[in-house]
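2 protein chains.
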Amino acid sequence: MEYEEPKFFHVMQYAAAADGDVIDMVSGNPDWEPPAALREALRDYADLSPDAFQYPPSEGLRELREAIATRRGVDLDSVIVTNGTGEANYLAMARAFDRDAGDEALLTDPVYPYYPGKVSMLGGTSTLVPTERDGGLDVDAIAAAASDETALIALNTPNNPTGAVYDLDAIRAVVSVAERVDALVLVDEVYDHFDLSGEFESALTLDSDRVIVTSGFSKSMAITGFRVGYGVFPDGHVSAAKTRHMLVNVAGARPSQYAVTHALAETDPEYYADARDLLADRVDAFTDALDAAGAEYSRPEGAFYVLARFDDFPGTMANVKRLIDEVGVAGMPGEAFGHARGDWIRFALVTPRATEAAERLADHFGG
Amino acid sequence: MEYEEPKFFHVMQYAAAADGDVIDMVSGNPDWEPPAALREALRDYADLSPDAFQYPPSEGLRELREAIATRRGVDLDSVIVTNGTGEANYLAMARAFDRDAGDEALLTDPVYPYYPGKVSMLGGTSTLVPTERDGGLDVDAIAAAASDETALIALNTPNNPTGAVYDLDAIRAVVSVAERVDALVLVDEVYDHFDLSGEFESALTLDSDRVIVTSGFSKSMAITGFRVGYGVFPDGHVSAAKTRHMLVNVAGARPSQYAVTHALAETDPEYYADARDLLADRVDAFTDALDAAGAEYSRPEGAFYVLARFDDFPGTMANVKRLIDEVGVAGMPGEAFGHARGDWIRFALVTPRATEAAERLADHFGG
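Protein sequences appear in the order of chains A and B. Numbers 1 to 367, taken from the UniProt record's numbering, label the letters of the first sequence in order. Numbers 1 to 367, taken from the UniProt record's numbering, label the letters of the second sequence in order.
FYI, nobody ran anything at the bench for these hints, they're computed from the structure. Possibly wrong hints are sitting among the right ones.
Identical copies go unnamed one by one, so any copy, or any two together, can satisfy a pair.
[To be verified] Within a straight-line C-alpha distance of at most 25 Å, the following computed SDA-like cross-link-like pairs (lysine to any residue) qualify:
1. K242 with S27
2. K321 with D343
3. K7 with D281
4. K242 with L168
5. K7 with E33
6. K242 with G102
7. K242 with Q13
8. K321 with A285
9. K321 with H364
10. K242 with L122
11. K321 with D21
12. K242 with T355
13. K7 with D311
14. K242 with G117
15. K242 with E66
16. K242 with M121
17. K321 with L168
18. K242 with R353
In isolation and in its complexed conformation, chain A is listed as follows (with noise of 0.2 Å):
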């Protein structure tokens, strides 16, 4: 499969080019304050010293990884801070593949977008193995998908764009199968805060040494511009990632990192719980809808997409063009997610207007 970003793109533009009025439910940018401690945060560290404008480590700012050390209860030395969870996710690529152990990516269909175009851009290819009807992991496909030839399988848990929350034990299942083949397991736990279900673990209590786990701060503390993320990476693979690291982006950016360790420290968990109540509501009014729509869809148990299948209304890019057009909601279309749903459409909840939006399309396909 080819990097499919510009699909992200072509969609906004068309929407933003619309005649009427359009709700965006496209991009995946929160659309909730960020905490009050990391606005200070900044405020205060434009009065530091010139000092406190030079590098952070390249690993990260030592505070900053001893509080993501503690709060994810692994060792310090495994923390590595990075540009956002994507410069994580390619990091952790990349070590999958510098291991000559094969060049297969297994990567599950649907699919994130950048995962493919990562794999592509360091020399692997990739391998889509769908996932279950509601979004939860086939272990059974996986492992028939596993050879000698697979590198790294990744997955992303709440996951995009299925709002699927994977059961632990699949996971471990997944390892296991990862063992057989020497591969790595990429986990991207971005969206660990926004899990509905109330049944998220995180890989990382796994404790295994073939997994590498990815997260940030993006999402939780609604600033996808600052590019804070980290990846923990086992003993055996945490010198290379540092390295490159290093050779790529030399460090992160330190007002950004600056901000979050503050606002990580100073935030009230009551923060994360507000943005995720919001997020459950928005879900309880746009599925009421797409009932009343006469849509298919799966609950989503996390994560900010809700992918929607309307009968006799496949998610190709001219029909979604058509419902910007004719309702006034934009969604990205599903074959920008791989092969898998390419008949749905995925609809991010990030908007204020989510309910309005909802309304739109019930009115539109359930009259």
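The hints should help you fit chain B onto chain A, whose structure is shown.
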């Protein structure tokens, strides 16, 4: 050559652990104030609405790219804002190798250690080509070394570590060599604001489709920790570089880009002139002391560094440690910069104690 970065850490850790008072002339971090407008912009940013905290465009904030394009006299489309000049260099090198035009990089010797590290990470091989004794480009040596295997020729002017400012005619001749062997020329101009010779001319004036110019604001605004750099890529290469940038980093940090954008618009030329004058004064004081110490050196035409050679005191790691313990001055061993200057020591002048360090060296070696 191996990636030599750990030597920096080794020297800095040794200096930090030393008993006596040690003047740090190892790191290249500016020690002066950033522009006032940069601090002010950070404060303003802290109060913006949540949408200003989300992803900037992948290639950078448009206002920042426009300001760069205008100042450098290039097309807006050719400018990619990166996570520091380091990432811009990585993108440029990756592009050179991705063309299937060979896997060799010609690097000048002495060399900035990140360059061979990046080349090696990208699967290339580095050939070090010695410069002239004064650090000037040896075009004939580069022409002799170039072959069909050469994919990249990397130059840095003003140069770290030699302080040389390359003649534009010499760079033009290197570009001709690159044309002959189908190589790209990377010209890293991150020290462009610290031209002490008055003769620096950007390689952008060559308007060559073989030349990628990189630079950034780390040095010119004294903000190495903000990670805002850029690359100017010719038509045939900018799209591939943008894709790699997006797949590795998604985007750079928006608070940093916002602050730099405003500082660029609102900072008087005097700010840059003052920093340059400060550095020139330090060069005077430091080279006077080197004269008193009977050392060989080339007076830097630009950048932050002086390479010096003391009689019967080659710049080995052991001697660098003796200098820390016995003289209280920490420099970088010449062996960290390739093969050509193993007898030399690099001193960074970005400390308010540069004059004091000079006196210590004069007392020790001149006594």
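So, going through the hints one by one against the coordinates:
Taking identical chains as interchangeable, the C-alpha atoms of K242 and S27 lie at most 25 Å apart only when they sit on different chains, with a minimum of 20 Å there against 30 Å within one chain. Within a single copy, K321 and D343 get their C-alpha atoms as close as 14 Å, which meets the 25 Å cut-off; across copies the closest is 67 Å, which misses it. In this assembly of identical chains, the alpha carbons of K7 and D281 never lie at most 25 Å apart, being 29 Å within a copy and 54 Å across copies at closest. Within a single copy, K242 and L168 get their C-alpha atoms no closer than 28 Å, and across copies no closer than 37 Å, so neither meets the 25 Å cut-off.
Taking CA atoms no more than 25 Å apart as the test, K7 paired with E33 passes in neither setting, with 28 Å inside one copy and 43 Å between copies. Taking the closest pair of Cα atoms, K242 and G102 come within 25 Å of each other only inside a single copy of the chain (22 Å); across copies the shortest separation is 27 Å, beyond that limit. Taking identical chains as interchangeable, the C-alpha atoms of K242 and Q13 lie at most 25 Å apart only when they sit on different chains, with a minimum of 18 Å there against 37 Å within one chain. With identical chains, the CA atoms of K321 and A285 are at most 25 Å apart within one copy only, with a shortest distance of 23 Å there and 68 Å across copies.
In this homomeric assembly, K321 and H364 come within 25 Å of each other (Cα to Cα) only inside a single copy, at 15 Å, whereas the closest approach across copies is 76 Å. Taking CA atoms no more than 25 Å apart as the test, K242 paired with L122 passes in both settings, with 17 Å inside one copy and 15 Å between copies. Only within a single protomer do K321 and D21 lie at most 25 Å apart by alpha-carbon distance; the minimum there is 13 Å, versus 68 Å between protomers. With identical chains, the CA atoms of K242 and T355 are never at most 25 Å apart, being 44 Å at best within one copy and 36 Å at best between copies.
Taking CA atoms no more than 25 Å apart as the test, K7 paired with D311 passes inside one copy only; the shortest distance there is 23 Å, against 64 Å between copies. Taking the shortest Cα distances, K242 and G117 sit within 25 Å of each other both inside one copy (22 Å) and across copies (13 Å). Proximity of K242 and E66 under a CA criterion of 25 Å is satisfied intra-copy only: 16 Å inside one chain copy versus 33 Å between copies. Taking the closest pair of Cα atoms, K242 and M121 come within 25 Å of each other both inside a single copy (19 Å) and across two copies (12 Å).
In this assembly of identical chains, the alpha carbons of K321 and L168 never lie at most 25 Å apart, being 38 Å within a copy and 52 Å across copies at closest. In this homomeric assembly, K242 and R353 never come within 25 Å of each other (Cα to Cα): the closest approach is 41 Å inside a single copy and 32 Å across copies.
In the structure shown, a violation is registered for the earlier hints numbered 3, 4, 5, 12, 17 and 18, in ascending order.
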